[in-house]
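J.: Listed here are the chains, written in short residue letters.
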Amino acid sequence: MSSENSQVSKKVLIVEDHPIVSDSLFRLVNESFENIICIHASTGSKGLAYLNGNHFDIVLLDINLPDISGIEFCTQAKNRFPELKILAVTSLAQRHVIEKSIEAGMNGFVLKTSDIKDITDGITEVLAGRRYLGKGVKELISSRPSNNFSDPMITRRESEILKLIADGLTNQEIAEKLFISTSTVDSHRKNLLIKFDAKNTAALVKIAMEKGLI
Amino acid sequence: MKENAVITHENVSAFNHAISLLDTSISELRRIAHNLMPETLNHYGLKTALEDFCTQVSPAGPPEIRVEFFGDEIRYTKDLELTMYRIIQELVNNSLKHAGATQINIQVFTEPERLYAQVTDNGRGFASPADEKERKGKGIENIRDRVTAMNGKLDIWSLPGQGTEVSVEFEIS
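Residue numbers (my numbering), protein chains in the order written: chain Z, 1 to 214; chain R, 1001 to 1173.
Quick caveat, the hints were computed from the structure, so don't treat them as lab data. Do not rely on the hints blindly, as some may be mistaken.
To be verified - So the derived list for chain R, only partly shown, Cβ under 7 Å to chain Z, looks like this:
| # | residue |
| --- | --- |
| 1 | T1048 |
| 2 | F1070 |
| 3 | N1105 |
| 4 | T1120 |
| 5 | D1155 |
| 6 | W1157 |
| 7 | E1165 |
| 8 | E1169 |
Stated by the list, open to error - For each label pair, taking beta carbons as the anchor points, the in silico distance ranges come out as:
| # | chain 1 | residue 1 | chain 2 | residue 2 | range |
| --- | --- | --- | --- | --- | --- |
| 9 | Z | G212 | R | N1151 | 35 to 41 Å |
| 10 | Z | D151 | R | R1075 | 23 to 29 Å |
| 11 | Z | T43 | R | N1142 | 38 to 44 Å |
| 12 | Z | N64 | R | L1021 | 22 to 28 Å |
| 13 | Z | S45 | R | E1039 | 21 to 27 Å |
| 14 | R | A1018 | Z | S181 | 55 to 61 Å |
| 15 | Z | G129 | R | L1154 | 52 to 58 Å |
| 16 | R | L1154 | Z | N64 | 34 to 40 Å |
| 17 | R | D1079 | Z | G105 | 33 to 39 Å |
What the hints assert, rightly or not - No more than 27 Å apart at the CA atoms, straight line, and that leaves these computed lysine-lysine pairs for BS3-like:
| # | chain 1 | residue 1 | chain 2 | residue 2 |
| --- | --- | --- | --- | --- |
| 18 | R | K1097 | R | K1153 |
| 19 | Z | K199 | R | K1047 |
| 20 | R | K1153 | Z | K190 |
| 21 | R | K1153 | Z | K177 |
| 22 | Z | K163 | R | K1153 |
C-beta atoms are modelled at their ideal positions from N, C-alpha and C, and glycine is treated no differently.
Just need the whole structure built from these sequences, with the hints factored in.
T.: So, in structure tokens, the structure goes:
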């Protein structure tokens, strides 16, 4: 594979603390691209220092660094050099890490468990100004547990209690009917108030009726 | 591969097999390490840790695991957060292993004076405490011990064929 513009050399900064990984990346970049210059930094602060003194086109960034996290590195680097492209190359296959990276302005995200082509594709795409999410990354993001529901789910215990509250029973009476303690009833009542954003039990009953729950 | 390296056809498949075994071992190790001490829990709290856990145990479903949080994000003591995390983990595992559920819901209420969580599923359910013991093995007894040890409250609702709901509450003194 050759770089799109072979006249101008691109400068790559590899920020990675594990020598085997940084060496492999170093070779990979040199073998896969023409006219490319690679510099290696073993910590986040060394990497930032390199950026301050030199122009780089792209950073291949590990997230788990010995000093600062890759996400922190990304935030600081992007603040100073908004044009700089950053591709995370990490073994942290966790949704929140990917999300925080993207929030911090990371241009791409590739997992170390992926193959060589995934990483070279990532470099090409990110250098071309496009976002790149490597193999397995998209799946991790789309598997996000959905958390913005129009209506919170009501458990069967809550629905039992809701009906008895609407019937005008006291905590004590509900507790006896369901063979649970009054404090348990009270906990469920509190949860229901929170779930429906109701100020008091009367408001709760009104909302529950409007929603057709009782 | 490097140009001068020679690798025979049979070796290619053996090599690929070795690599895939390594990949499996790495992810297995990661999973075990995560179970021993969920680093995410210490750094980011219950919400993120639970969302990560659910993504890990059921990446694309089924069962679909839904996590809902109510209240502001509050950090509790390490002990309490870990206890709650473990209990929810155990309950989700129960639903997955024993109840054959296709839908699992986790709801957590975080308030300054209390931490409350309930895990519900649409699995097999059970009728009596004896039945419960049989179905769930030691799981629920473990949870009861954990809850008691930290002065919490436990409420179990279940009917055969209608799923199980378990709620746990800790008051913050």
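J.: 33 to 39 Å was suggested as the range; check whether the CB atoms of D1079(R) and G105(Z) agree with it.
T.: holds, 37 Å
J.: Could you see if the CB distance from G212(Z) to N1151(R) stays within 35 to 41 Å?
T.: Once the Cβ atoms are compared, 38 Å apart, the range 35 to 41 Å for N1151(R) and G212(Z) holds.
J.: Please verify that hint: E1165(R), Cβ, nearest Cβ of chain Z, below 7 Å or not.
T.: holds, 5 Å
J.: May I ask you to test the interface hint for E1169(R) with respect to chain Z, counting a Cβ-Cβ separation under 7 Å as satisfied?
T.: holds, 5 Å
J.: Given T1048(R) as an interface hint, is the shortest Cβ-Cβ distance to chain Z below 7 Å?
T.: Holds: closest Cβ of chain Z sits about 5 Å from T1048(R), inside 7 Å.
J.: Are the Cα atoms of K163(Z) and K1153(R) separated by 27 Å or less?
T.: holds, 23 Å
J.: Compare the distance between the alpha carbons of K1097(R) and K1153(R) with 27 Å, and conclude whether the hinted pair is satisfied.
T.: holds, 24 Å
J.: Is 21 to 27 Å respected by the C-beta to C-beta distance linking S45(Z) and E1039(R)?
T.: holds, 22 Å
J.: Identify whether the interface hint at T1120(R) stands, where standing means a beta carbon of chain Z within less than 7 Å of its own.
T.: Where the cut-off is 7 Å and the nearest Cβ of chain Z is about 5 Å from T1120(R), the hint holds.
J.: Has the hinted range 22 to 28 Å been met by the Cβ atoms of N64(Z) and L1021(R)?
T.: Given about 24 Å between the Cβ atoms, the range holds.
J.: Given D1155(R) as an interface hint, is the shortest Cβ-Cβ distance to chain Z below 7 Å?
T.: holds, 5 Å
J.: Are T43(Z) and N1142(R) spaced within 38 to 44 Å by their CB atoms?
T.: Since T43(Z) and N1142(R) have Cβ atoms about 43 Å apart, the given range 38 to 44 Å holds.
The earlier numbered hints are all upheld by this structure, with none contradicted.
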